[in-house]
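Input sequences plus hints: build the corresponding full structure.
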Amino acid sequence: MQNNSRLVLTSRVCDRCIRKKVKCNQARPTCSRCGELGETCTYSLVRRKPGPLRGSRHAHAGCHQAQPRISGAPLRGEGNSDEEYTPSRSEHVSQGTSPLTGPPQDIADSSPQFSGSQFASHERFTPQQVEFLLSSFFDILQDANPIFSKEGFFDRYRSSLCAEDLISTIVIITAKLTEFTANDNALRSLDAELDLLLSSSLLQDDLVGDSPSLDQFRNAYLLAFYEFHQFPGHHAWLRVGRVTRMAYRIGLDRLDHIRALYSDWRAVSSEDIQEWRWMWWCIYRLDCYSNLSSGMPYLIDDTCISTSFIGSNALLHSDITEELPREFFLPPSSENLTKILLAAPSHPDTLLRNVHTVTTATLRQAGLVARMHWIRSQQATLMKSTQAEQQLATIRTALPPGWLNPRRNAFANESHNDYHARMVTILHLRMAQLLLAIADCGQLRGADEWLAGWGKILEPCQDMASVAEHWDSSFCLAVDPAVSFTLFTALVFLDLHRKTTTTDTTADNDPNSTILDHHITILRLQLEHFAKVWTLPRLLKLSFESFNQSVSGPLSHRHIALILSHFEAPLHPRWLHFLSIAHTVLTAS
Numbered sequence: 001m002q003n004n005s006r007l008v009l010t011s012r013v014c015d016r017c018i019r020k021k022v023k024c025n026q027a028r029p030t031c032s033r034c035g036e037l038g039e040t041c042t043y044s045l046v047r048r049k050p051g052p053l054r055g056s057r058h059a060h061a062g063c064h065q066a067q068p069r070i071s072g073a074p075l076r077g078e079g080n081s082d083e084e085y086t087p088s089r090s091e092h093v094s095q096g097t098s099p100l101t102g103p104p105q106d107i108a109d110s111s112p113q114f115s116g117s118q119f120a121s122h123e124r125f126t127p128q129q130v131e132f133l134l135s136s137f138f139d140i141l142q143d144a145n146p147i148f149s150k151e152g153f154f155d156r157y158r159s160s161l162c163a164e165d166l167i168s169t170i171v172i173i174t175a176k177l178t179e180f181t182a183n184d185n186a187l188r189s190l191d192a193e194l195d196l197l198l199s200s201s202l203l204q205d206d207l208v209g210d211s212p213s214l215d216q217f218r219n220a221y222l223l224a225f226y227e228f229h230q231f232p233g234h235h236a237w238l239r240v241g242r243v244t245r246m247a248y249r250i251g252l253d254r255l256d257h258i259r260a261l262y263s264d265w266r267a268v269s270s271e272d273i274q275e276w277r278w279m280w281w282c283i284y285r286l287d288c289y290s291n292l293s294s295g296m297p298y299l300i301d302d303t304c305i306s307t308s309f310i311g312s313n314a315l316l317h318s319d320i321t322e323e324l325p326r327e328f329f330l331p332p333s334s335e336n337l338t339k340i341l342l343a344a345p346s347h348p349d350t351l352l353r354n355v356h357t358v359t360t361a362t363l364r365q366a367g368l369v370a371r372m373h374w375i376r377s378q379q380a381t382l383m384k385s386t387q388a389e390q391q392l393a394t395i396r397t398a399l400p401p402g403w404l405n406p407r408r409n410a411f412a413n414e415s416h417n418d419y420h421a422r423m424v425t426i427l428h429l430r431m432a433q434l435l436l437a438i439a440d441c442g443q444l445r446g447a448d449e450w451l452a453g454w455g456k457i458l459e460p461c462q463d464m465a466s467v468a469e470h471w472d473s474s475f476c477l478a479v480d481p482a483v484s485f486t487l488f489t490a491l492v493f494l495d496l497h498r499k500t501t502t503t504d505t506t507a508d509n510d511p512n513s514t515i516l517d518h519h520i521t522i523l524r525l526q527l528e529h530f531a532k533v534w535t536l537p538r539l540l541k542l543s544f545e546s547f548n549q550s551v552s553g554p555l556s557h558r559h560i561a562l563i564l565s566h567f568e569a570p571l572h573p574r575w576l577h578f579l580s581i582a583h584t585v586l587t588a589s
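Heads up: the sequence shown at position 525 corresponds to 525 in the UniProt record's numbering, and the numbers run straight through without jumps.
Hint data in this document are derived by calculation from the structure and do not stem from the laboratory. Treat the hints with caution; some may be incorrect.
[Said to hold, decoys possible] Per label pair, the in silico range of CB-to-CB distance:
| # | residue 1 | residue 2 | range |
| --- | --- | --- | --- |
| 1 | Arg-407 | Ser-580 | 18 to 26 Å |
| 2 | Thr-535 | Asn-336 | 19 to 27 Å |
| 3 | Gln-378 | Asp-184 | 51 to 59 Å |
| 4 | Ala-380 | Leu-37 | 49 to 57 Å |
[Said to hold, decoys possible] In the BS3-like style, the derived pairs of lysine-lysine whose C-alpha atoms are separated by at most 27 Å in a straight line are:
| # | residue 1 | residue 2 |
| --- | --- | --- |
| 5 | Lys-456 | Lys-532 |
| 6 | Lys-456 | Lys-384 |
| 7 | Lys-150 | Lys-176 |
| 8 | Lys-176 | Lys-532 |
| 9 | Lys-384 | Lys-339 |
| 10 | Lys-176 | Lys-541 |
| 11 | Lys-541 | Lys-499 |
| 12 | Lys-456 | Lys-499 |
Keep in mind that this is a model prediction, so the values were computed, not measured. Ideal Cβ positions, reconstructed from N, Cα and C, are used throughout, including at glycine.
As structure tokens, then:
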């Protein structure tokens, strides 16, 4: 650990933090939390037990009631409830929450908001290194998480208007992912700082107890995104859910509606509202990836969103009277998603982001059908699946010309960044097609019908391999690594196709077998590229290798039906467990 006073945890905390049972960074003469709240910070020489003073209103469980918000004042101070701090990310203990009755703190002014979480700091880097890493962020994760306007961010940063916690999070995560330093001690220090960022419950306290600023929301989102891909598991999933619920709580799902009702929101500039919209749609993506991949219900309801898509910056202050849609919304019915695609080209500078959102919504619909076949009748599932397939075909047709071309459009001067961002949307659509095909095939019983359904599974897997053939590994940091679960799913089913007797691909001289081998190799290599940076694809790679080695062909129709009956979601614990014991199960069947 570096020699940084902010990173040294002593055995004493200030009296107020002991009394409130919250974390204290133990800074002298005033800790960050007391400084933020304007409270007197004292460090008693006599050690006392943590908790509220005897006889105080906080000493009685269940007696705490949040005070109403007056005159739009932020919910800070004695009305907040906090979580008990423990140094482990796995041991958060929730103490309760306070209601939010208004918009975030910083919508009325642009002053920086500090959550007080100073256990991990970017001060180990020089100012020049900090600015370099901040700029590098926009070359990598920003494309996957467009939560900033780069120009607006650096204007605020150079004016010292960005929250220090957010700067630390961006700098430390970027330094870790890009291997900014090759020194072993420095890398261990980065790991320790990241662990402190993720294990600290203070940020979560602020999100629940206060009206969070945009910077606090960005910070919470980046930590949730990072933990989901780098430390996948139960706690990462809960962190994503917490951020999503907070977005609902302050009304990001109906941003355009509450702007019409509340003067605080109407006072926000068009540029800032754009950034709040970016924040919402990034949370929408993360809600899709985290729940679809694990087979869980989405927290966000697509039918009840009143936050518009990202409009063109060129139209924000434009007096253009042409009939260009300045705002367009996710329709309550997925059947009307094509209207968004028809409107999106009128906003060329945000076209990729908006198409990404549409393909994410399409993927979400396929995920719903995939979950339905476990609990609904065959007839009901097939009806929903048919509707989803028709909608998917409509979406593909409504995309701009050449959108599904797996090659870069050099004649149109398509940049490599835009090309790889477009390929992610293609993977979304192919994964949606694959999920629908798996659900359909799992419902079929007749041998002839089943064989046709099994062939429908092969098609999207091969299409994903075609996309991977043109992939540049240097862009594995620029796109969302959640696409790795699409690669993993395609790999598993391509491997099953190669080993099944129904496709007659087991002969060494069979051309179809050669093609399947090539596609498997391509997808495997692409997954390995992501695995060099992220833990999630690394675990998926190991899972596929174990499955590939333990299950040998030829597999019969009965074996494939048994495997399909266990598929719930790419990252569902039961499916991953089944892959690890598939050989034993298939042998016993």
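Right, here's what the structure says about each hint:
1. Take Arg-407 and Ser-580: their Cβ atoms lie about 37 Å apart, and the range 18 to 26 Å is violated.
2. Between Thr-535 and Asn-336 the C-beta distance comes to about 38 Å, which lies outside the given range of 19 to 27 Å.
3. The hinted range of 51 to 59 Å is satisfied by Gln-378 and Asp-184, whose Cβ atoms lie roughly 57 Å apart.
4. Against the hinted window of 49 to 57 Å, the Cβ-Cβ separation of Ala-380 and Leu-37 comes to about 55 Å, which satisfies the hint.
5. For the hint linking Lys-456 to Lys-532, the alpha-carbon distance of about 32 Å lies beyond 27 Å, and the restraint is violated.
6. Restraint check for Lys-456 and Lys-384: the C-alpha separation of about 17 Å stays at or below 27 Å, so the hint holds.
7. As the CA atoms of Lys-150 and Lys-176 are separated by approximately 21 Å, the hinted pair is consistent with the 27 Å bound.
8. Straight-line distance between C-alpha atoms of Lys-176 and Lys-532 comes to about 12 Å, which keeps the hinted pair within the 27 Å bound.
9. For the given pair, Lys-384 sits about 21 Å from Lys-339 by alpha-carbon distance, which is consistent with the 27 Å threshold.
10. Between Lys-176 and Lys-541 the alpha-carbon distance is near 21 Å, which keeps this suggested pair within the 27 Å criterion.
11. Our distance criterion of 27 Å between C-alpha atoms is met by Lys-541 and Lys-499, whose separation comes to about 19 Å.
12. Distance check on the hinted pair: Lys-456 and Lys-499 sit about 16 Å apart at the alpha-carbon level, within 27 Å; holds.
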